[in-house]
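Undergrad: Please construct the entire structure, taking both the sequences and the accompanying hints into account.
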Amino acid sequence: MKKHLKILFFLVLVGGLFSFAMHKYYVSTTNVNYSSKDKSIQIISRIFIDDIEQTINERYGINCQLDSDKELKEAHSYLKKYITQKFKLYINGKETPYNFLGKEYELDEMKCYLEVPNINIATIKSIAIENTLLFDMFPEQQNIIHFKLNEKVKSFVLSRDNTKALLKI
1 MKKHLKILFF LVLVGGLFSF AMHKYYVSTT NVNYSSKDKS IQIISRIFID DIEQTINERY
61 GINCQLDSDK ELKEAHSYLK KYITQKFKLY INGKETPYNF LGKEYELDEM KCYLEVPNIN
121 IATIKSIAIE NTLLFDMFPE QQNIIHFKLN EKVKSFVLSR DNTKALLKI
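Letter by letter, the sequence shown follows residues 1 to 169 in the working numbering.
Just so you know, the hints here were simulated from the structure itself, not pulled from any lab data. Don't be surprised by glycine CBs; every beta carbon is placed ideally from N, CA and C. Check each hint, because a few of them may be wrong.
When the alpha-carbon atoms are kept at most 27 Å apart in a straight line, the in silico DSS-like pairs for lysine-lysine are as follows [said to hold, decoys possible]:
#	residue 1	residue 2
1	K37	K70
2	K164	K152
3	K111	K80
4	K154	K86
5	K111	K164
6	K88	K103
7	K103	K148
8	K111	K148
9	K152	K39
10	K70	K148
11	K70	K86
12	K94	K80
13	K164	K154
14	K168	K152
15	K37	K103
16	K73	K103
17	K39	K88
18	K148	K94
19	K88	K70
20	K154	K39
21	K24	K111
22	K168	K148
23	K168	K154
24	K73	K88
25	K94	K37
26	K86	K148
27	K111	K94
28	K88	K148
29	K154	K111
30	K164	K80
31	K24	K168
32	K86	K39
33	K24	K94
Okay, the calculated beta carbon distance ranges per label pair [unchecked claim]:
#	residue 1	residue 2	range
34	R160	S68	23 to 31 Å
35	K152	K73	34 to 42 Å
36	I169	I62	24 to 32 Å
37	Y26	T96	37 to 45 Å
38	S68	E151	20 to 28 Å
39	H146	K70	28 to 36 Å
40	L107	S155	20 to 28 Å
TA: Below you can see the structure in the form of structure tokens.
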């Protein structure tokens, strides 16, 4: 009987460790910086390729095959559409449009480049980001925002229950 209990305990322990090791984490990181040289707010978001690909494919009913020789020509426009719907920027409480400059792949991440041109930093009292990327597909998704504006540096972790980060300057 003791031997059976030890075996059962071992199997439960190994099974628990294996399931913990197999659990995937869902996270994106976004850096928001002001470039005094370019007089623009520059934004770089890093998103896992497999997560954004699964989301785009399911949302739009396509097979975009990101970062492959078979990547759809329309993948860029689907990504731009999704990101502009799920990533909002507010300056002084007013939604502010940005330019989707493009994307590139680095290992298992996709880097998206966004920019708000012609910004006078002296007129900014607050800047907010609402980032709901991937929340519709992965409820445990976390989106980390790092602000670096006008000597202010602050980071936020956004979740499905807390989708907005606000930096007062």
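Undergrad: All the hints need checking, so say for each whether the structure fits it.
TA: How the hints compare with the structure:
Taking the CA atoms of K37 and K70, the gap is about 38 Å. The hint is violated against a cut of 27 Å. A hinted pair counts as satisfied when its Cα atoms are at most 27 Å apart, and K164 with K152 qualifies at roughly 18 Å. With a CA separation close to 12 Å, the supplied pair K111 and K80 stays within the 27 Å bound. Annotation: proposed proximity of K154 to K86 holds, straight-line Cα distance about 21 Å (limit 27 Å).
The hinted pair formed by K111 and K164 meets the criterion: a straight-line CA distance of about 21 Å does not exceed 27 Å. Between K88 and K103 the CA atoms are separated by roughly 18 Å; this keeps the pair inside 27 Å, and the hint holds. Restraint check: the Cα-Cα separation between K103 and K148 comes to about 21 Å, which is no more than 27 Å; the hinted pair holds. Only pairs whose Cα atoms come within 27 Å are accepted, and K111 paired with K148 is accepted, the gap being roughly 18 Å.
Taking the CA atoms of K152 and K39, the gap is about 16 Å. The hint holds against a cut of 27 Å. For a cut-off of 27 Å, the pair hint linking K70 to K148 is broken: about 37 Å separates their Cα positions. For the suggested pair K70 and K86, the alpha carbons sit about 26 Å apart, so the restraint of at most 27 Å is met. Taking the CA atoms of K94 and K80, the gap is near 21 Å; set against the 27 Å cutoff, the hint holds.
This hinted pair checks out: K164 and K154 have alpha carbons roughly 13 Å apart, not beyond 27 Å. Pair hint K168 plus K152 holds up; C-alpha atoms about 9 Å apart against a cutoff of 27 Å. A threshold of 27 Å between alpha carbons decides the hint, and for K37 with K103 the separation of about 22 Å falls inside it, so the pair holds. At roughly 13 Å between alpha-carbon atoms, K73 and K103 fall within 27 Å of each other, so this suggested pair holds.
About 20 Å separates the Cα atoms of K39 and K88, which keeps this hinted pair within 27 Å; it holds. Distance check on the hinted pair: K148 and K94 sit about 20 Å apart at the alpha-carbon level, within 27 Å; holds. A distance of roughly 30 Å separates the Cα atoms of K88 and K70; the hinted pair therefore is violated under the 27 Å criterion. Proximity of K154 to K39 is assessed by CA-CA distance (about 20 Å); at most 27 Å being required, the pair is judged to hold.
Simply put, K24 and K111 have alpha-carbon atoms about 20 Å apart, close enough for the 27 Å limit, and the pair holds. The straight-line distance between the Cα atoms of K168 and K148 is roughly 12 Å, inside the 27 Å bound, and the hint therefore holds. Under the criterion of a C-alpha separation no larger than 27 Å, the hint pairing K168 with K154 is consistent with the structure, at around 10 Å. At roughly 25 Å between alpha-carbon atoms, K73 and K88 fall within 27 Å of each other, so this suggested pair holds.
Restraint check for K94 and K37: the C-alpha separation of about 24 Å stays at or below 27 Å, so the hint holds. For the given pair, K86 sits about 22 Å from K148 by alpha-carbon distance, which is consistent with the 27 Å threshold. With a C-alpha separation of about 26 Å, the suggested pairing of K111 with K94 holds against the 27 Å cut-off. Note on K88 and K148: the hinted pairing holds, with a Cα-Cα distance of about 17 Å set against a maximum of 27 Å.
As the CA atoms of K154 and K111 are separated by approximately 21 Å, the hinted pair is consistent with the 27 Å bound. Proximity of K164 to K80 is assessed by CA-CA distance (about 20 Å); at most 27 Å being required, the pair is judged to hold. For the hint linking K24 to K168, the alpha-carbon distance of about 34 Å lies beyond 27 Å, and the restraint is violated. Between K86 and K39 the alpha-carbon distance is near 25 Å, which keeps this suggested pair within the 27 Å criterion.
Distance check on the hinted pair: K24 and K94 sit about 36 Å apart at the alpha-carbon level, beyond 27 Å; violated. Judged by the Cβ atoms, the range 23 to 31 Å given for R160 and S68 holds: they are separated by roughly 30 Å. With their beta carbons about 41 Å apart, K152 and K73 fall inside the hinted range of 34 to 42 Å. For I169 and I62, the Cβ-Cβ distance of about 40 Å falls outside the hinted range of 24 to 32 Å, so the restraint is violated.
For Y26 and T96, the Cβ-Cβ distance of about 27 Å falls outside the hinted range of 37 to 45 Å, so the restraint is violated. Between S68 and E151 the CB atoms are about 42 Å apart, so this pair departs from the stated range of 20 to 28 Å. Take H146 and K70: their Cβ atoms lie about 34 Å apart, and the range 28 to 36 Å holds. A hinted range of 20 to 28 Å for the beta carbons of L107 and S155 is consistent with their spacing of about 23 Å.
Of the hints listed earlier, those the structure fails to meet are numbers 1, 10, 19, 31, 33, 36, 37 and 38, in rising order.
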